[in-house]
Amino acid sequence: MYYPSVTQVTSLAVIKRERLLPVRGEVLTSMGARVEPIDVVARASLGGDLHVVDVGKSLSVKSENLDKYLLKAVGDTVEEGEAIAAKGRGLIPLRRVCRSPVAGRIVAISSGRVALESRAETFELHAHFRGTVISVMPSLGVVIETVGALVQGVWGAGGEAQGVLKMLAEDPKEKLVADAIDVGCHGSIIVGGSSVDEEALERAEQMQVRGIVVGSIGVDLGKRASDSPFPVIATEGMGQVPMASVIFELLRSNTGREASISGVTRLRWGTVRPEIIIPLQRRGVPPPPQQLGGALEVGAQVRVIRQPYLGSVGQVISLPSQPRVVDSGARLRGAEVELEGKERVFVPYPNLELIG
Amino acid sequence: MANGLEIESILAADCGSTMTKVILIDVIDGQYRFVAQGEALSTIEPPRADVRLGVRHAIGQIEEATGRLLLDEQGQLITPEQASGNGVDVFVATTSAAAPLRLILAGLTSDVSIESARRAVSSTYTLVEDTISLDDGAQKERRSAEARIRILQRHQPDAVFIVGGTDGGAVAPVADIAEVVALACSIMNSATRPQIVFAGNKEARPLVAEILGGKGELRAIDNVRPALDVESVAAAQEEIDTLYRERKMARIPGFGGLSAWSSVAVLPTTRAFGYLIQYLARQYGLNVVGVDIGGATVTVAGVVDGHFTSVSRSDGHFTSVSRSDLGLSHNVTHISTEAGIENILRWLPFDMEVTEARNIIANKQLRPTTVPQTHQELLLEQAIAHEALRLTLAEARQKWLGRPSAPYPGLSPFLDLIVGGGGVLAHAPHYGQAALILLDVLQPIGVSSLALDVTSMVAPLGVTATVEPLAAAQVMERDGFLSLGTVVAPVGIARKGEIALQLRITYDDGRALEMEMPYGSLEVLPLSPGHKATLELRPTRRFDIGLGAKGKGATTELEGGAVGIIIDARGRPLSLPATREEQRAKIQEWLWGVGS
Numbered sequence: 000m001y002y003p004s005v006t007q008v009t010s011l012a013v014i015k016r017e018r019l020l021p022v023r024g025e026v027l028t029s030m031g032a033r034v035e036p037i038d039v040v041a042r043a044s045l046g047g048d049l050h051v052v053d054v055g056k057s058l059s060v061k062s063e064n065l066d067k068y069l070l071k072a073v074g075d076t077v078e079e080g081e082a083i084a085a086k087g088r089g090l091i092p093l094r095r096v097c098r099s100p101v102a103g104r105i106v107a108i109s110s111g112r113v114a115l116e117s118r119a120e121t122f123e124l125h126a127h128f129r130g131t132v133i134s135v136m137p138s139l140g141v142v143i144e145t146v147g148a149l150v151q152g153v154w155g156a157g158g159e160a161q162g163v164l165k166m167l168a169e170d171p172k173e174k175l176v177a178d179a180i181d182v183g184c185h186g187s188i189i190v191g192g193s194s195v196d197e198e199a200l201e202r203a204e205q206m207q208v209r210g211i212v213v214g215s216i217g218v219d220l221g222k223r224a225s226d227s228p229f230p231v232i233a234t235e236g237m238g239q240v241p242m243a244s245v246i247f248e249l250l251r252s253n254t255g256r257e258a259s260i261s262g263v264t265r266l267r268w269g270t271v272r273p274e275i276i277i278p279l280q281r282r283g284v285p286p287p288p289q290q291l292g293g294a295l296e297v298g299a300q301v302r303v304i305r306q307p308y309l310g311s312v313g314q315v316i317s318l319p320s321q322p323r324v325v326d327s328g329a330r331l332r333g334a335e336v337e338l339e340g341k342e343r344v345f346v347p348y349p350n351l352e353l354i355g
Numbered sequence: 000m001a002n003g004l005e006i007e008s009i010l011a012a013d014c015g016s017t018m019t020k021v022i023l024i025d026v027i028d029g030q031y032r033f034v035a036q037g038e039a040l041s042t043i044e045p046p047r048a049d050v051r052l053g054v055r056h057a058i059g060q061i062e063e064a065t066g067r068l069l070l071d072e073q074g075q076l077i078t079p080e081q082a083s084g085n086g087v088d089v090f091v092a093t094t095s096a097a098a099p100l101r102l103i104l105a106g107l108t109s110d111v112s113i114e115s116a117r118r119a120v121s122s123t124y125t126l127v128e129d130t131i132s133l134d135d136g137a138q139k140e141r142r143s144a145e146a147r148i149r150i151l152q153r154h155q156p157d158a159v160f161i162v163g164g165t166d167g168g169a170v171a172p173v174a175d176i177a178e179v180v181a182l183a184c185s186i187m188n189s190a191t192r193p194q195i196v197f198a199g200n201k202e203a204r205p206l207v208a209e210i211l212g213g214k215g216e217l218r219a220i221d222n223v224r225p226a227l228d229v230e231s232v233a234a235a236q237e238e239i240d241t242l243y244r245e246r247k248m249a250r251i252p253g254f255g256g257l258s259a260w261s262s263v264a265v266l267p268t269t270r271a272f273g274y275l276i277q278y279l280a281r282q283y284g285l286n287v288v289g290v291d292i293g294g295a296t297v298t299v300a301g302v303v304d305g306h307f308t309s310v311s312r313s314d315g316h317f318t319s320v321s322r323s324d325l326g327l328s329h330n331v332t333h334i335s336t337e338a339g340i341e342n343i344l345r346w347l348p349f350d351m352e353v354t355e356a357r358n359i360i361a362n363k364q365l366r367p368t369t370v371p372q373t374h375q376e377l378l379l380e381q382a383i384a385h386e387a388l389r390l391t392l393a394e395a396r397q398k399w400l401g402r403p404s405a406p407y408p409g410l411s412p413f414l415d416l417i418v419g420g421g422g423v424l425a426h427a428p429h430y431g432q433a434a435l436i437l438l439d440v441l442q443p444i445g446v447s448s449l450a451l452d453v454t455s456m457v458a459p460l461g462v463t464a465t466v467e468p469l470a471a472a473q474v475m476e477r478d479g480f481l482s483l484g485t486v487v488a489p490v491g492i493a494r495k496g497e498i499a500l501q502l503r504i505t506y507d508d509g510r511a512l513e514m515e516m517p518y519g520s521l522e523v524l525p526l527s528p529g530h531k532a533t534l535e536l537r538p539t540r541r542f543d544i545g546l547g548a549k550g551k552g553a554t555t556e557l558e559g560g561a562v563g564i565i566i567d568a569r570g571r572p573l574s575l576p577a578t579r580e581e582q583r584a585k586i587q588e589w590l591w592g593v594g595s
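Taken in sequence, the protein lines are chains A and B. Each residue of the first sequence is one higher than the one before, starting from 0 at the first, in numbering that gives the first Met the number 0. Each residue of the second sequence is one higher than the one before, starting from 0 at the first, in numbering that gives the first Met the number 0.
Hints were generated in silico from the structure; no laboratory data involved. Ideal placement from N, C-alpha and C gives every residue a C-beta, glycine not left out. Don't take every hint at face value.
[Unchecked claim] So the derived list for chain A, only partly shown, Cβ under 10 Å to chain B, looks like this:
1) Trp-154
2) Gly-158
3) Pro-307
[Stated by the list, open to error] The list that follows gives simulated cross-link-like pairs (lysine-lysine, DSSO-like), each with its CA atoms no further than 30 Å apart:
4) Lys-495(B) <-> Lys-61(A)
5) Lys-56(A) <-> Lys-201(B)
6) Lys-61(A) <-> Lys-15(A)
7) Lys-172(A) <-> Lys-56(A)
8) Lys-86(A) <-> Lys-71(A)
[To be verified] In silico contact screen, one side only, chain A against chain B (beta carbon under 8 Å); selected entries:
9) Glu-17
10) Ile-105
11) Ala-107
12) Asn-350
Taking the hints into account, I'd like the entire structure generated from these sequences.
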């Protein structure tokens, strides 16, 4: 038995996502509430710049004696220039005063030093996709559920965005080029076939697209894509790899629908994969929950995740009991897979994943 | 129980960052023997976020291979072994699947105390995120207290390691550093505050405790630099190990269940790996180095000139360096960045565009469990292994300086045994490829045996030794390693083509062969496993083969191995030609030389 990794590509599933604040804050919605992508479901105050004032040195007092000279405590707000400590009282001519260099809040006092945070910014957590709040975690965030299509990517950059899905390729092998991106792409999430080049990224920026989904992206463009003002998702990996046909077709079938995409990616220790969520109108009975993580079996739909067949999708037709020698010279256990072009190939187990 | 052995069967698991391996040991004819191995993807991320699932999958393979039931219908381990032969008496485990311990090192001087701390923490799975020192003025933005606090806030480390000052020295500078840490801790949420470890001037402990009082949990341990010319890292290593177990291993999904199965504490893989290397050194009185090139971490552990006084203690000549940022799967892009892509490509016998190599490397990081299927990708992965090992070894070599067995600065010490482990070596299609990676990077000198941990047994046997030392010893003796053969590497300098070594090999069937090895050459003399030969070595007057003097020869009896007897007269340190074209030709020549 071999238990491969899994990529979710499904036209209809119940999708639940935790929406969490980066720091503790306030949840603004309630259980059962219907939310739209741009709705603010929670907010929190993020710290501003940090400033340390050496009050002990400023007043020439030992840190252990500082308490009696302090005029403020941890948590107090101060204005720029406001006194935070003073030595001497009233009209004594030699009175020394230590003033705050910024407007903000005192966050710590230790060993004669006072740490101040300048005025904080408010962070607003959006729902990101249309759905229903099914759980509220006070001060932390919410869980939102929707029914719709879901595609997990492999590489992503940027944050989250929403827009109408627009196909700019006829074929999974077609590159996303600048000429295809016109003013009609404004506010859309555009989908290419195999890869994207720098010129296309620039044009997408000019046309203010909301996001890009392609099969792959050259490693040299990774940094450039990360600097884009919108999320970029690659469904297969790095290089010039065509988008898996099953993903391409699913996205094409949802052209014109509102989609929410996230380029946020974490590869380890709490994996987060980039993804495209396309909420659909609920009709009738919701789909059953997906069974993920089963063993590889004959008939399973798989994707090859390493060269020479990287990105190819096919079906397992046999699971040979003996290892076979592959081009590298290694003897490896694996599966016989019939790729979409009907080509039959042997693929080592680690280079296969379940897709669906 | 039969044969007077209380424990008859053992399952030993190693849960790695990408793969989980389990071996079954059982008593056969009164001896502990390796019976079967299972290997499955590690399961520490959704949708299979339970480390025991991967262990069960691997055990399932052993069940298939042996027909012996080891898990019950609920997936629980059957223990002890039943009269039917199902189940096992003992389960033990190691793991390297947890995130490394993220550290900030804080000290007085970046080149003395912090370097000592860095050496101390490199013995297990750690990542030094940044350093704060009083002399970090070269980076001006760090001079302010705000900037130092920001470093701590930004990284939110698991622990802050404060060092500095010799015992009995001034305490004020240490207090300055402690105050910065205290202020940063005050700002942090109590749930995310780091553990503070103080390993500096012991006279400063009360003051440091006072400064940090109530702002973070403080543990004070022996000074890593008690005197300017003395480094003492044992206590720090112990503390880091404890922290790793408490703060990281315990958080692996399903770790509680794994621990419940285990008869003894689950060990960090690097620790168990080290145990076995020390055992080998102690048992046979050898200089031993083991390398483990894993998916997330590269470890080099060795005993050089060790003199052991008890089973669990060395005299400090054991060294272990783990680089948790250089693994061949999860950290492969970092290897490329730190080593430089050109340094990787120099190990390839064919031309490969930089962009193509970088795309393959990036895809490997995105799909860390995949294996190379093409010849080109295989050799690229082996080239990366060269560089990952080179970078790790650079740290280990510092620890061997000045040992009697390390007479040549910048070169490896004389080693009796080199053990290679990790997927890239164990699964190399040709044993010569694995041997060449070890030779190219470790560059052993003199006469050394090469062994390969093909069944990934080193760490599981290391933890097995903690519960049944006899089992570990017997399995290692009989089934442990695959012998690759012996390498003879003369040290010296000559003109290319000048004779470095003359030798005569006499096989056990009476055949004999005489050879002259020119400087710069690499040859393999076939000697299959199970066969013996007598080798007479006569280095020329400029070359040393580890017998105490240049030109001094010897006659020795050798056993065969999967590769044979490798005569490595390429020179030390090994140098590659300057141009890529020449490099390609040379690498191809060497690969052919070892039969790959």
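Inset, instruction - Tell me, in ascending order, the numbers of any earlier hints that this structure violates. - result: Numbers 2, 4, 6, 7, 9, 10 - these are the hints that the structure violates, sorted from lowest upward.
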